[in-house]
Amino acid sequence: MPTTSAPDEHLRLEGIGVSFGAVNVIPSLDLSVRKGEMVAFLGPSGCGKTTTLRIIAGLNKPSRGSIMVGGRDITHLPIHDRDMGMVFQSYALFPHMDVSHNVQFGLQMRNVPAREAEKRAAQALEMVQLGHLAHRKPKELSGGQQQRVALARALVIEPSILLLDEPLSNLDAKLRDEMRVQIRALQQQSGITAVFVTHDQVEALSMCDRVVVMRGGHVEQFGTPTEVYERPATAFVANFVGRTNRLKGALTAEGILTGAGQQLRSATRLPAGAVDILVRPHRIRLQETGEADNKVQGTVSTITFIGDLVQYGVSVGGEEIVVEEATRRGRSPLAAGDSVTLGWSAEDTLIYPAGEK
Amino acid sequence: MEIHKTSWPMRILVFVLFVYLLAPVILVFPLSFSGDQVLRFPPSFWSTRWYSALFANSQMLKAFWTSLSLAAIVTVLSIVIAVPAAWVMTRLKFTGRDLLFNLFTAPLLLPTIVLGLAILIVFASFGLLATMQGLVFAHLVVTLPYALRVLAVSLSTQDRACEEAARTLGAKPLTVFFRVTVPMLTPGIVAAAALCFLVSFDEVVITLFLTGPRISTLPVELYNYVYNQADPLVAAASALLILLTLAVIMIVERAMGLGKAFVK
Ligand SMILES: Nc1ncnc2c1ncn2[C@@H]1O[C@H](COP(=O)(O)OP(=O)(O)O)[C@@H](O)[C@H]1O
Ligand SMILES: [Mg+2]
Chain E
-19 MPTTSAPDEH LRLEGIGVSF GAVNVIPSLD LSVRKGEMVA FLGPSGCGKT TTLRIIAGLN
41 KPSRGSIMVG GRDITHLPIH DRDMGMVFQS YALFPHMDVS HNVQFGLQMR NVPAREAEKR
101 AAQALEMVQL GHLAHRKPKE LSGGQQQRVA LARALVIEPS ILLLDEPLSN LDAKLRDEMR
161 VQIRALQQQS GITAVFVTHD QVEALSMCDR VVVMRGGHVE QFGTPTEVYE RPATAFVANF
221 VGRTNRLKGA LTAEGILTGA GQQLRSATRL PAGAVDILVR PHRIRLQETG EADNKVQGTV
281 STITFIGDLV QYGVSVGGEE IVVEEATRRG RSPLAAGDSV TLGWSAEDTL IYPAGEK
Chain H
1488 MEIHKTSWPM RILVFVLFVY LLAPVILVFP LSFSGDQVLR FPPSFWSTRW YSALFANSQM
1548 LKAFWTSLSL AAIVTVLSIV IAVPAAWVMT RLKFTGRDLL FNLFTAPLLL PTIVLGLAIL
1608 IVFASFGLLA TMQGLVFAHL VVTLPYALRV LAVSLSTQDR ACEEAARTLG AKPLTVFFRV
1668 TVPMLTPGIV AAAALCFLVS FDEVVITLFL TGPRISTLPV ELYNYVYNQA DPLVAAASAL
1728 LILLTLAVIM IVERAMGLGK AFVK
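Quick mapping for you: the protein sequence lines, in order, are chains E and H.
Take the first sequence: its position 124, counting from 1, is numbered 104 in our numbering, and each next residue is one higher.
Take the second sequence: its position 135, counting from 1, is numbered 1622 in our numbering, and each next residue is one higher.
Since the hints were derived computationally from the structure, they do not count as laboratory data.
Beta carbons: idealized from backbone N, C-alpha and C, even for Gly.
Watch out, some of these pointers could steer you wrong.
[Said to hold, decoys possible] No farther apart than 25 Å at their CA atoms in a straight line, the calculated lysine to aspartate or glutamate pairs in the DMTMM-like style are these:
hint: 1; chain 1: E; residue 1: K117; chain 2: H; residue 2: E1740
hint: 2; chain 1: E; residue 1: K117; chain 2: H; residue 2: E1651
hint: 3; chain 1: H; residue 1: K1659; chain 2: E; residue 2: D78
hint: 4; chain 1: E; residue 1: K119; chain 2: H; residue 2: E1740
hint: 5; chain 1: H; residue 1: K1659; chain 2: E; residue 2: E98
hint: 6; chain 1: H; residue 1: K1659; chain 2: E; residue 2: E158
hint: 7; chain 1: E; residue 1: K119; chain 2: H; residue 2: D1646
hint: 8; chain 1: E; residue 1: K41; chain 2: H; residue 2: D1646
hint: 9; chain 1: H; residue 1: K1549; chain 2: E; residue 2: E138
hint: 10; chain 1: E; residue 1: K117; chain 2: E; residue 2: E158
hint: 11; chain 1: E; residue 1: K41; chain 2: H; residue 2: E1740
hint: 12; chain 1: H; residue 1: K1549; chain 2: E; residue 2: E96
hint: 13; chain 1: E; residue 1: K117; chain 2: H; residue 2: D1646
hint: 14; chain 1: E; residue 1: K41; chain 2: H; residue 2: E1651
hint: 15; chain 1: H; residue 1: K1659; chain 2: E; residue 2: D53
[What the hints assert, rightly or not] Simulated restraints, written as ranges between beta carbons of each label pair:
hint: 16; chain 1: H; residue 1: L1526; chain 2: E; residue 2: R116; range: 55 to 63 Å
hint: 17; chain 1: E; residue 1: G51; chain 2: H; residue 2: V1623; range: 57 to 65 Å
hint: 18; chain 1: E; residue 1: S43; chain 2: H; residue 2: F1581; range: 18 to 26 Å
hint: 19; chain 1: E; residue 1: S281; chain 2: H; residue 2: R1578; range: 54 to 62 Å
hint: 20; chain 1: H; residue 1: V1640; chain 2: E; residue 2: P(-13); range: 47 to 55 Å
hint: 21; chain 1: H; residue 1: F1581; chain 2: E; residue 2: G(-5); range: 24 to 32 Å
hint: 22; chain 1: H; residue 1: V1567; chain 2: E; residue 2: R14; range: 49 to 57 Å
hint: 23; chain 1: H; residue 1: A1559; chain 2: E; residue 2: T55; range: 46 to 54 Å
hint: 24; chain 1: E; residue 1: S(-1); chain 2: H; residue 2: F1665; range: 27 to 35 Å
Hey, can you work out the whole structure from these sequences and the hints?
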């Protein structure tokens, strides 16, 4: 995907390629990140997110291509001169130093006088609400606290880019929600440019200004969370970001025809041929009474209660369509075997050339 | 380790094995308090005369100090050489690395008598026989492979992310080495040092070729002593050596305990 050089561009990857031996892990990657924005690298495990992040930090050397920061080519700059703040998945705190000295380390490397380094470390720890634990050793902290120390250590040097590699993956669900909010708030306060690696779409969509959806070493789509969710560029993106139903069909002059013979309408334009039809479960109305672009008859086959949601499996002409509705108290009008009329709009009907995974 | 669930025959077998292995070591203590003129068990009466005799034996004392300073020098040199060497072996990628590593640690597999003869031949032409330098060089040949092995294992299991974090924070490679790698390696260094110290202090075969009337080590002196007479003085010396060894092992144990805490 070619990128045009935005005036406020801060980080730029040009034709970055990585091969480990004979394995071409990243064929060619282009990317442009604006100053002050937080960008997520989102993709399944093994798609090259960490490798790309490490290339920005200098920890991996690209086999091809160049990296620019603020208009300057840093492809061959040594790691210690790159001025990047990195938060590792394992936190990588120095076990032999207390929390305060962990945070001071980067300042000492910048020859900040001892007094000032101590003061700035204290401020950074205050910022992540850990001022009171400055003299603990890392192993005496909980996972969430270690995470915040790692964040303070990366931020205190006021790096040119903050790099985060799945920083929340080792935390429990509740702490993860808190840290999501906290990391985003810190990033916005400091106005720092940040790259956030994750395989969790919720993290990517909720925390970041833009999302790079990656797959097999290349960029499937680069856009805002809304764009990526509402207008997925490929069937893979639609599947990976949020849940979808997938039906087989054909696009003809008359419109879209599903395998079961229903006629559907989509807002997407494609050349005629075999297509995959994708519809998100919660965009389908279960008992359509009014007008709808797309209307099909079906029978409820399964009902699954998941707390916030009720998931209905509806069989439509031999295919199973999943429909999700928000739970409402004291109302469960449907039972397995009931006939229903499903309805959804043309905008919510995404079509892609068939065969795309 | 649920001993109470082990069957009776197994427990008896383990007990017999322990007795077999430890009996000589434990017997040394009563023997050392013998009042007899010759080694005999049980002693006909008790005394501390062989401890007095040991401390009055100036040749033994001199050999003890030689062994102690030799082991100390060899230990320090082994660590100073082996830490960077192990770093190169585990952190750098170059062709022939495995070959080089195996070559460096090969003396572990050679019969010491062969090593001793080889060293004797080489050192004779350099005038290193019966000198402290000669002993130091010879012991290094034996201790370095141990140190290299222990430190290479510690280094290869160390979390590399800490070194990488230090690099991203602006530390140059040498700074990372001294401020992150080496401090994190402390338990490994203590273990390697203790091992080198004990190996050097205990070394007889190679040392026999290199000692003489001018300079000798405690194990060699004890060997010569037993060769000539069989009185309980060697039992007293052995008892003290066992205590010294235990002390060193306890230091390691503490360091390794800390080591476990490091890894969390
Ligand atoms: N040092 C390496 N040597 C060989 N292959 C590697 C190395 N590092 C990563 N890879 C491979 O590169 C691919 C991308 O890895 P990575 O960037 O860690 O993925 P992600 O972070 O998206 O899960 C994977 O297939 C992985 O096996
Ligand atoms: Mg990864």
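Outcome of the hint check:
1. For the hint linking K117/E to E1740/H, the alpha-carbon distance of about 21 Å falls within 25 Å, and the restraint holds.
2. At roughly 20 Å between alpha-carbon atoms, K117/E and E1651/H fall within 25 Å of each other, so this suggested pair holds.
3. The hinted pair formed by K1659/H and D78/E meets the criterion: a straight-line CA distance of about 21 Å does not exceed 25 Å.
4. Simply put, K119/E and E1740/H have alpha-carbon atoms about 20 Å apart, close enough for the 25 Å limit, and the pair holds.
5. Taking the CA atoms of K1659/H and E98/E, the gap is near 21 Å; set against the 25 Å cutoff, the hint holds.
6. Under the criterion of a C-alpha separation no larger than 25 Å, the hint pairing K1659/H with E158/E is inconsistent with the structure, at around 35 Å.
7. Of the supplied pair hints, the one linking K119/E and D1646/H holds, its CA atoms being roughly 14 Å apart against a limit of 25 Å.
8. Our distance criterion of 25 Å between C-alpha atoms is met by K41/E and D1646/H, whose separation comes to about 20 Å.
9. In summary, the hint linking K1549/H to E138/E is not supported, as the alpha carbons are separated by about 62 Å, beyond the 25 Å threshold.
10. Between K117/E and E158/E the CA atoms are separated by roughly 23 Å; this keeps the pair inside 25 Å, and the hint holds.
11. In summary, the hint linking K41/E to E1740/H is not supported, as the alpha carbons are separated by about 41 Å, beyond the 25 Å threshold.
12. Restraint check for K1549/H and E96/E: the C-alpha separation of about 55 Å exceeds 25 Å, so the hint is violated.
13. Using a Cα cut-off of 25 Å, the hinted pair K117/E and D1646/H holds, with the two alpha carbons roughly 17 Å apart.
14. Simply put, K41/E and E1651/H have alpha-carbon atoms about 14 Å apart, close enough for the 25 Å limit, and the pair holds.
15. The suggested pairing of K1659/H with D53/E holds, with an alpha-carbon distance near 20 Å, which does not exceed 25 Å.
16. About 57 Å separates the C-beta atoms of L1526/H and R116/E, a value consistent with the hinted range of 55 to 63 Å.
17. In this structure, G51/E and V1623/H meet the distance hint of 57 to 65 Å, their C-beta atoms being roughly 58 Å apart.
18. In this structure the supplied range 18 to 26 Å holds for S43/E paired with F1581/H, their Cβ-Cβ distance being about 20 Å.
19. For the hinted restraint 54 to 62 Å between S281/E and R1578/H, the CB-CB distance of approximately 59 Å keeps it satisfied.
20. For V1640/H and P(-13)/E, the hinted distance range of 47 to 55 Å is satisfied, since their beta carbons lie about 54 Å from each other.
21. A hinted range of 24 to 32 Å for the beta carbons of F1581/H and G(-5)/E is consistent with their spacing of about 30 Å.
22. Checked against the hint of 49 to 57 Å, the pair V1567/H and R14/E passes, with Cβ atoms roughly 51 Å apart.
23. Hint check: A1559/H to T55/E, Cβ distance near 50 Å, so the stated range 46 to 54 Å holds.
24. Range check, S(-1)/E to F1665/H: Cβ separation about 34 Å, and the 27 to 35 Å hint holds.
In summary, the structure is inconsistent with hints 6, 9, 11, 12 from the numbered list given earlier, while agreeing with the others.
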